[in-house]
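Engineer: Read top to bottom, the protein sequences are chains C and H. Positions in the first sequence are counted from 1; adding 3 to them yields our numbering. Positions in the second sequence are counted from 1; adding 617 to them yields our numbering.
Hints are computed from structural coordinates only; laboratory data are not their basis. Keep in mind that this is a model prediction, so the values were computed, not measured. Treat the hints with caution; some may be incorrect.
A few chain H positions that, by computed beta-carbon distances, are all more than 12 angstroms from chain C [to be verified]:
{"id": "1", "residue": "L625"}
{"id": "2", "residue": "Q626"}
{"id": "3", "residue": "R668"}
{"id": "4", "residue": "L675"}
{"id": "5", "residue": "E680"}
{"id": "6", "residue": "L728"}
{"id": "7", "residue": "E756"}
{"id": "8", "residue": "M792"}
{"id": "9", "residue": "L802"}
{"id": "10", "residue": "P825"}
Taking beta-carbon pairs under 7 angstroms as the criterion, some of the chain C residues facing chain H (in silico) [as the list claims (entries may be wrong)]:
{"id": "11", "residue": "P114"}
{"id": "12", "residue": "F125"}
{"id": "13", "residue": "N129"}
{"id": "14", "residue": "R287"}
{"id": "15", "residue": "V290"}
All C-beta atoms, glycine included, are put in the ideal place defined by N, C-alpha and C.
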Amino acid sequence: MDEPEQNVVTNTQLPKSQVEMAPDAAALDAPGATIFDAKKVSCYYGSFRAVTDVSLSIYEHEITAFIGPSGCGKTTVLRTLNRMNDLVPGAHIDGDVYYRGESLYAKDVSPIAVRRRIGMVFQKPNPFPKSIYDNVAYGPRINGIHNKAKLNEIVERSLRGAALWDEVKDRLGKSGLGLSGGQAQRLCIARTLAVEPDVVLMDEPCSALDPIATAAIEDLMREIKSRYTIVIVTHNMQQATRVSDRTAFYSVLRNEESDTRTGVLVEYGRTQQIFEDPHDDRTRAYVTGRMG
Amino acid sequence: MAEHRQDLQRELEAIEAKVIELFAMVAEDLARATDALLSGNNEIVKVLAEREAVIESLYPQIEETVNRNILLQAPVASDLRFLLSVLRIMPELELSHDLVENIARRADHILSDDLSPRARGIVERMGELVADMWRQASEAWYQRDSSAAAPLAERDEEMDELHASLIAELASGSMTLPVAMEMTLVARFYERLGDHAVNVARRVVYLPGSLPPD
């Protein structure tokens, strides 16, 4: 599928050498398969329109960051990508989200099946009050896997995938609630990976973590992106620049007459372009910290 | 919409003001240096030495402010591009003023009568051309006009031709050897000043058009 127009870097301001110097620019300009294709998505909570007309494509094996001020709808959009908003009474969307070419919101699509393929990690680490082992084995068991050897293998692979195995392998039977914040978040990532998802959505996964735990999660994201596609909502712009391939900047549009506000997608492009040469003044104001 | 980070904004504006000051010194002093050389009026040498002292104090100030803001303010986009651009042109400005001072200093050793009429004419033209190139480069920076680089590069070709002509004249034996030796250096200084003007104008391309805001 062709890249949407807003992804095309028409960076006439930069000298040619700057563009040539970016080593992975060519690779990024030719993205992998389109995983998500949001088409004119508006999200409503009851009659409140939280987000208006978002269209963007998200590509395989990339990390896509959503940034923007509070109330800009970035989390809402993230939650439309695995139908998590279905759990909110009164929430609905206009437009459509295509996942690997198929409508996520078609009548015959089961939201449970969607969430199995498209996992989510939340802001606050939320291990179940169970053992570390059972936290990770929870999803596979629900999916009908009860073979002990098979479960052992999944638990180890997932914990290794989440870079937590070495720290917990001797205490798999201990409660997941006894872990540090960073470990608990990696446990939640392991729990997400255990059901072998295609996509991992992360909603401010590091906002409750210290810098070292944050660095561990960021390393992990870079490590697993060759196997998964990751979308992350973050308030930390440095995090977006460190880990993401593309960045979508959302903002709040105020309608003075009706005294309402709604989130809009302002600009979407390669992360380097967004932070080096944002095309929209609102993006520039936000990334340089000028906007209030 | 509230404008945050006013402190950073003020720092950037202060840096810009100092950079403009440096530009002005190079462009102005260039014309004076050529005058001094051709008129033999070495009064200007003292003035330029004082300017050099000002630049020597400005340079580390600007550098320190840029470093501090890069380190502590985590600038991105237009802010970072401005700061990086300043770091890149500062050495050009400092070197250029050095060259200007070096030209002026020749007024101490060379009497204008020592030059052949042809050499004198070429030097005069070189001085005019390069002073004009520097005015253009300063204007390009100030106006964030990245289109200035190409015409400047063209004018630099004229500069190179003048340089070659002057060298040929010096080699023709129409002047004494000490004068020819000194003038070879002067020719080189002008030629380098032209190159630096082009370099500076090329750097403008990375400057954000929106900086500094009004």
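Engineer: Against each hint, give a clear statement of whether it holds in the structure.
Structural biologist: Results of checking the hints against the structure:
1. L625: 8 angstroms, violated
2. Q626: Non-interface label on Q626 of chain H violated, nearest chain C Cβ at 8 angstroms vs cutoff 12 angstroms.
3. R668: About 32 angstroms separates R668 of chain H from the closest Cβ of chain C, which puts it past 12 angstroms; holds.
4. L675: 26 angstroms, holds
5. E680: 22 angstroms, holds
6. L728: Given a closest Cβ separation of 45 angstroms, the condition holds.
7. E756: Given that every Cβ of chain C is farther than 12 angstroms from that of E756 of chain H, nearest at about 19 angstroms, it holds.
8. M792: 42 angstroms, holds
9. L802: 32 angstroms, holds
10. P825: Non-interface label fails for P825 of chain H: nearest chain C Cβ at 8 angstroms, not farther than 12 angstroms.
11. P114: 38 angstroms, violated
12. F125: With a closest approach of 27 angstroms, the F125 of chain C hint is violated.
13. N129: N129 of chain C check fails; min Cβ-Cβ to chain H is 31 angstroms, beyond 7 angstroms.
14. R287: 5 angstroms, holds
15. V290: 5 angstroms, holds
Taken one by one, the earlier hints fail for this structure at numbers 1, 2, 10, 11, 12 and 13, listed in ascending order.
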